[in-house]
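Chemist: Starting from the known structure of chain A, arrange chain B on it as the hints suggest.
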Amino acid sequence: MWEITTQVLTGLASASNLFLVACGLTLIFGVTRVVNFAHGSIYMLGAYAMVTFVSPMREYLGPTLGFWAAVAASVIFAAVVAALIEVVLLRRLYRSNHLFQLLATFGVVLIVQDLVILVWGADDILGPRAPGLTGFVSLGEHRFPAYSIFMIAVGPVVFLALWLILHRTRWGTLIRAASQDKEMVGLLGARDKLLMTSVLALGGALAGLAGALQIPMQPANAFMDVSIITEAFVITVIGGMGSMTGAFLAAILVGLIQALGIQLFPKSTLVLVFLVMAIVLVIRPWGLLGRPEVEAGGAMGEPPERILSPNTTRFALAALAIFLLLAPQFMSEYHVGLLIEVLLMSLFAFSLNFILGNGGLVSFGHAAYFGLGAYGAALAVYHWRWPMEAALVLGPLVAAAGALVFGWFVLRLAGVYAAMLTLAIAQILWSLAFQWNEFSGGDNGVNGIWPSAWAQSRVVFYYVVLLLSVAAIGALWRATKAPLGYTLRAGRDSPRRCEAIGINLLTHRWAGFVLAGAAAGLSGALFAFSKGTVDTHVLSVHMTVDSLVMVLIGGVNAITGPLMGGTIYPLLKAYIMPLTDAWRMFLGAVILLTVLLFPQGLAGFLSKFSRRFNSSTEPTSVSLRVASERGQ
Amino acid sequence: MSVVTRRVALAIAALMTAAPFASMEAAAQQGPIRIGEVNSFGRFPAITVPWRNGFRQAIDEINAAGGIRGQKIEIVSQDDGGTPADAVRAAEDLVTRNNVSLLAGGFVSPVAFALSDFAKQKKVVFICSQAASDALTMAQGNRYTFRLRSNTYMIVKTMTDVAAKLGKKRWAIVAPNYEYGHAAAENFKQMMAAQVPGFEVVAEQFPALGKIEAGPTVAALQKAKPDGIFNVLFGADLVKFVREGEPRGLFEGRTVLGYETGQPEWVDIMKEEAPKGWIVNGYPWYSIDYPAHKKFVADYQAKYNDYPRHGSFIGYVTGILVGDALKKAKDTTADSIISALEDLKVETPVGPMTMRGSDHQLTYGTFVGTLAIEGGKGVMKDWTFRDGAEVMYPDADVARLRPRD
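In order, the protein sequences belong to chains A and B. Here my numbering is used: the first residue of the first sequence is 1, the next is one more, and so on. Here my numbering is used: the first residue of the second sequence is 1, the next is one more, and so on.
Derived by calculation from the structure, the hints in this document are not laboratory data. Computed from a predicted structure; not experimentally measured. Incorrect hints may have been included.
[Claimed, not checked] Distance windows between CB atoms, simulated:
| no. | chain 1 | residue 1 | chain 2 | residue 2 | range |
| --- | --- | --- | --- | --- | --- |
| 1 | B | 253 | A | 140 | 17 to 23 angstroms |
| 2 | A | 432 | B | 287 | 44 to 50 angstroms |
| 3 | B | 399 | A | 432 | 46 to 52 angstroms |
| 4 | A | 121 | B | 210 | 17 to 23 angstroms |
| 5 | A | 504 | B | 190 | 54 to 60 angstroms |
| 6 | B | 389 | A | 593 | 54 to 60 angstroms |
| 7 | A | 457 | B | 345 | 23 to 29 angstroms |
| 8 | B | 401 | A | 3 | 27 to 33 angstroms |
We put the beta carbon where it would ideally sit given N, CA and C, even for glycine.
Pulled out of the complex, with its shape left as it was, chain A reads as follows (with noise of 0.2 angstroms):
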């Protein structure tokens, strides 16, 4: 009786920790509409400024008075940061597109993931107990730590505060009539910028509070921010986004799975609450209390103008054909190396592009088809001794297969809850690779995979993946521009016309999100053979987001844009992480500069720095254009 007792007791305590990040984030989602990544960097920034201020605090306010003031500190230092991040930053995004957004926040994350270790150096650091909160409780023969205690009353003391706030408050009104529609709040005089601010900086406050009270259960350290945060966003998701009580629910529900399921299942801890998320979502596909989405998916626009003139394009694509087919005669072993990831990244932005750009599907979890691909791949040659040609058909295969089971599932939800899930099921099957040793190799991943004899040699695997890769986004291309591509982009931009006219955009979608998943496991195929090894990375959320950074850098709207940033980006890297330790934060700031100067991506900014050029070559069309515009 007592064990149960102190496992339900246990849970909650967790379930108070995580609703105090979560609700932040549903707050910040609710209003801004902004998928925060760097809520967990608040959550990390809170926890630091504890060990930091705490010190002193107690030093003169004593060790009581000290600890709470210090409590207090942080929960400021924490609301102005993240005030900060919305002035500085957010707030030149709100007109654009959602991802790019949840991009921005990606870079605020790497920019402080860096910070954290330069300002505080990479040593995790401890901070005190709680004072008059160090004992326990006995419940039966059981004891139970009194700060525990302490934990589960906070939890529902926020949560009412907020209820209050929200429901008692000018202020609150405002916010919850902000979520309802954001512009007519502006309309009506209120000023809404102070409000965003203030909403960011109250999410802020929240985060920081929780990271501060962590601190009496563990030290400062750098990975607390990745640690909380996918689970925050399980949260936040299970409980509807932008509820409130959803999430308190929410957060009660996986405090106490994960309590009582490390008693029946110690070894799935890993897995348990995105199995929970993704089974709350096929019931209720918009969380416990959330509210249907009024803007599905989000929708892209109008495929942009062309760059280059057809003639221009047609130059273009013929230099690039000749500078790829000449590469390897003039360029050295590693820079070959460095083009075949290129190659591979083109390929799977350009595949995620396909059902994101074209499809208007948001999809978190793209990683699980490229993973597919790769372990489809290496897995046959590490148990079945295959050799590579049939391997590299069968990792599309089990990735297409992969696609074609899960987007059963994912293409009935919409928009972040669709998003949600694909980021679930890339969880799941990262959680398996990690844990199902005897066959996937465990987080030590599967090695020795490399190229049949005849493709040993550098060149010639560059040739066979300069082949597949322009195949496959050959194939692609084709594909946007056949029927089911021009059907995918009309369900993309109105879905309802698009079932009023007879077609099942369901099966089309479904059609897109298969062949997307195949390429996407081609490149996660060949990428296993060009590095010899394939480990659970390849299934991860940093591959997802690589993917979306890929795509974002480049452009959603550009047919090419997915081609620039897969380009792009691995070369970024390739040069940037040897120069530094901090490689991160360059990356979070080349990240923030492309998000700030070209919110179309490259491919959108060239697009209009094309028409630019072209207009100021021929004024007298656009001076007429104009007239006419005016009705002159």
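Modeler: Frame of chain A, contents of chain B only:
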């Protein structure tokens, strides 16, 4: 233009084109021996930067003493990004563009395996310094890969030899949920079962790395009422576990065996809350009084204004090993370096060690002691040093498990 002037012109042209190559060749002969340093400096600086410091200290000392037959050693450094894919690219850059004679580094085990396989493929020597996975030198071992630090088998053997004498039968295991943790747990079970009659594992917990739910984990262990606990957790997980376990009385009256818990990397985080009385292995740099080791510590502190971690010591020994191998090898080809490394005996600050030829594992020793608090932080007391040579995989196992190549 007359024939003569044309010939002169041609000769000059030939000289002009050939001269740079000639001087380059000469430079290559006197120039430094380049070696590649590849590790997760960006992602895991707490572990890898001390390693780099120690490594460079040793190489600097070798160069100051005249280098290798007059040639200096030059380190070319690359970040492995913490992922196999990035690591392979970095290694390729080092090997194909920088012509390094060998690679050293590797902390995260997937990266270590990828680099080991890369070394085999490209026929270049890889000295894996910090990854402890047994498979690296056993089931997946290869001719080109050498491992420096003690592997999981060696550490667990050292610890269970101590634990077996304590007469405790009911054990609980808590280990991070990845190969490192599972391997330590498996080794522990097998070795204890072989030595302790009636040995049983009454609870096992494998929390996700970096994400331990400390409360439920502690409660689950407590429920099983073990006599002893084998802990493989480290870093923030370990701190959470200790802070949750202390108030709940998990460690009271129980023997706790801390795998790697005594390493400065982990025990120092906990300051005065380091778990007193745990039997741990680690690196008590503060109380090792061999003169050579005292000199190493003093030089390290002077050079980096910081005290050495276990990683620093591994790095330093890596540098010594590299230097000795290059001195013994007749040239810098992989084959020469391999035959120099096999059965190479090196003098380290804590005594001699041998790079065993049969499995390419250094006989790296292990310090075992009991944790106490002194001067506000955890220190290892009454430690003993177990020579790695005594706890190596038996020859029969090597012959059975390691692929022949």
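Chemist: Please write out, lowest number first, the hints stated earlier that are contradicted by the structure.
Modeler: Hints 3, 7, 8 contradicted; others consistent.
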